[in-house]
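Model the full assembly from the supplied sequences, consistent with the hints where possible.
Residue numbers (our numbering), protein chains in the order written: chain L, 1 to 257; chain B, 258 to 545; chain D, 546 to 828.
Hints were generated in silico from the structure; no laboratory data involved.
Built from N, CA and C at the ideal position, the CB exists for glycine as well.
Take the hints with a grain of salt, since some may be wrong.
If the Cβ cut is set under 8 Å, some of the chain L residues that face chain B in the computed set are [what the hints assert, rightly or not]:
| hint | residue |
| --- | --- |
| 1 | Pro-108 |
| 2 | Val-109 |
| 3 | Ile-206 |
| 4 | Gln-210 |
| 5 | Ala-214 |
| 6 | Ile-222 |
| 7 | Gly-226 |
From the derived model, a few chain L residues whose C-beta atoms are all more than 12 Å from chain B [as the list claims (entries may be wrong)]:
| hint | residue |
| --- | --- |
| 8 | Leu-23 |
| 9 | Thr-29 |
| 10 | His-37 |
| 11 | Arg-53 |
| 12 | Gly-156 |
| 13 | Gly-158 |
| 14 | Ile-187 |
| 15 | Leu-224 |
| 16 | His-237 |
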Amino acid sequence: MSIIRRGIFLVALPLVLVVLWWLATRQDTSFYWPSPHRVWDAFVQTWTPAEIRQDVLPSVVRFVLGFLLATVLGIGLGVAIGCYRGLREAIEPVLEFLRAVPPPVMIPVIILFAGIGDGMKVLVIFFGCLWPVLLNTVEGVRAIDPVLRDSARSYGFGPYCRLRRLILPAASPRILAGARQSMSLGIILMVISEMFAASNGIGFTIIQFQQTFAIPEMWGGIILLGLVGLVSAVLFHLAQTHILRWYHGFLRSQRKA
Amino acid sequence: MSPFSSTTTETARGAAGAVPRRSGSASRLLARLVSALPWRPVLGMLAFLVLLETLPHSGLVNPRYLPPLDRMLTALANQAGSSGFWDALGATLRGSAIGLAIAMAAGVVVGVALGSSRVLCELTTSTVEFFRPIPAVALIPVMVLVIGPNATSTVVLVAYASFWQVLIQVIYGVQDTDPVAYETAASFRFSRLRTLRSVVWPSALPYVWTGLRLASTMALIVEITGELVIRSPGIGRQIALAQSADQVDNLYALVIVAGLIGVIGNVVVRRLEAKTLHWHPSVTGVER
Amino acid sequence: MKVAQTMTDGRAEMSSSSGGTMLDLVGVQKTYAGKRSFEAIRDVTLSVRAGEFVCIVGPSGAGKTTLLRSIAGLQSISGGEVRLEGSRVDGPPEGMAVVFQEYARSLFPWMTVRQNIALPLKQKGLSRHDIDANVAEALEAVGLSEDHDSYPWQLSGGMQQRVAIARAVAYEPKVLLMDEPFAAVDAQTRADLEDLVLALWKRLGVTVIFVTHDIDESVYLGQRVIVLSNSPTEPLEDLAVDLPSERDQLTTRMLPRFAELRAHVYGQIQASKAGARPGDVQP
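Put into structure tokens, the structure is as follows:
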């Protein structure tokens, strides 16, 4: 029963919205706001498997590359910085400043170094995604419970064991929160970098549609972008649920105490 | 005679009528000053600035791509002298602020409504989760077509992007209210509005501030993006202009300005947050 | 786990093995440097023989925890030496296990009970087979064989502390350090846990140093009770507890000798709070 109920709740509002959209565009005269079936037709016609391979794949690959690089480096550096109080205190202000620079601003700068090819886009995504992960990792490592640290020390855990069994698991909620932020940021940067200078990609395609006034196709592209974001959010959520399967119960027990 | 010692001598003489050990109190004062100085962060920043200055000069990094710090600062000083810069700065700040304000107002209202009603929340979850990942930048083409390539488009985008940050946090905050607090309010027969005001809102306040912090970061990013891509007036547009005119020094100077806006905005929000939340037991701080 | 050996000899083993010195504190001193230097421990000199059960009591803020952490090597000392079986303690030595007061925070929440107990053994380098055997025995000894696949936060407070004790015991330490382990536990659970510690001590022949603020507990559990002065800490008195070694929550606590000892310790604590130092004339 509850599955049916959940299913109804899942589709109820979207259905209502689509119906309203269809009703509002029944005249089909508005140029900028096409009716649902026109957008649907454009969507299906545009995003054929060949098209997906040509435009969606490069975008996604660039995003994943930039995001993974940023995550790995962010965690690595973050753990190193978080473990040494002196280093952390010295470096933190610089990191906070670099983080505060709005990533899109770095696009013209990175174009100087890296031109306008794939490398530039991956670098832009990397630069934007690095800071949330890095700073959250530093904070997560710093905030490890001192009693846990003492337990590890008193039982003689070596550095590698401490890293794998204490530091990374303890900081993982914080790290994942940072990764979530950087994922959203990464998608934004993926699109912007393509709008700026590209020859393929989802963002590039949307701009092309806009410039040639192919409005239903443009909306189709936007919806596709939303789907990409949705899929990545779902995948992240699944990964997070698995990695943090101990965390919710733990938090709840802390609350009760 | 050092300035310290003369001062202390005079005041001490005046107060106690006896000659104090001048050097003792002076060195103690100096020692206190030195130990109070956060020398590690200062050293870190200095090292970074030195690096920025010497790397391009040494040739390790091509100065065409990364000019040395002094050239960046000179360009920055020149910018500060031109009125065009200040107009652009004002435009950026204005756009971010207006968009952020709209997002906060809408986000809080909708967030409280959705957070307090389980039914409403369940109904809207799928829709929110669908719209939320659509990056504001994806809507740039739409805004340009419908509203035009101007500041209004950018503000609308800022509001759209920041809205989701606020909404999510407010919903969490409202839902996170301690059930015991609810029961206490119920046992005192609080009206629904009163409960919202006196129980739910204070409890959700840390989340609201987190939302504000995340939203203000987003607002600045989207504002500058809009200025970069749409060329609405602001620092972003100045950056795009500097880039197409190949004025590398100006480009970096403006990047520094953008960073400073971000930092100052962050600091301001955090200070305000600390002030208003000084009574609240510290939240774990894990941003969702 | 080397249980069988001690069990056959029982108490005879206890008294004869209490020959060798296990732990030596010589002039231990701890001063916290800083804007205002604070002398936490002034001069602690004492010896603990192998297999002894020593309780350390003192008023709040007397530096009991600081002393225990110094013994455990978790904290550096400013002067003097801590020696475990003759060798100096620099950092946490192998051969010591600590049970902390905050049991919930000392267990790793992302690991199950079994994994928590097994991890120090992996560190020690035991074989898979030995690890499994030790874990199973430790769990059985504390009465938690059923819960090995639960996460610590799924268990009650008393059970979590049992897990921490099992972890310490499975490690087969020479010295078991317990830092007010039952302070955060309700009274009934505390009684059970006290008896558990006594049973484990008898079974394993391990040396126990038990820090507590609970006077009754210190007399009930210990063979020796060391009363600490106020800070800067020094041992005020080293009291031998001449109660029968078979301790029972009901009968032992009703003995007149128990009441005498308890009253004496209480008096010492009051004196300590009032600022008594070693060497002052004691009533």
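Consistency of the hints with the structure:
{"no.": "1", "hint": "Pro-108", "result": "4 Å, holds"}
{"no.": "2", "hint": "Val-109", "result": "6 Å, holds"}
{"no.": "3", "hint": "Ile-206", "result": "6 Å, holds"}
{"no.": "4", "hint": "Gln-210", "result": "3 Å, holds"}
{"no.": "5", "hint": "Ala-214", "result": "11 Å, violated"}
{"no.": "6", "hint": "Ile-222", "result": "5 Å, holds"}
{"no.": "7", "hint": "Gly-226", "result": "4 Å, holds"}
{"no.": "8", "hint": "Leu-23", "result": "17 Å, holds"}
{"no.": "9", "hint": "Thr-29", "result": "15 Å, holds"}
{"no.": "10", "hint": "His-37", "result": "19 Å, holds"}
{"no.": "11", "hint": "Arg-53", "result": "21 Å, holds"}
{"no.": "12", "hint": "Gly-156", "result": "30 Å, holds"}
{"no.": "13", "hint": "Gly-158", "result": "28 Å, holds"}
{"no.": "14", "hint": "Ile-187", "result": "6 Å, violated"}
{"no.": "15", "hint": "Leu-224", "result": "9 Å, violated"}
{"no.": "16", "hint": "His-237", "result": "10 Å, violated"}
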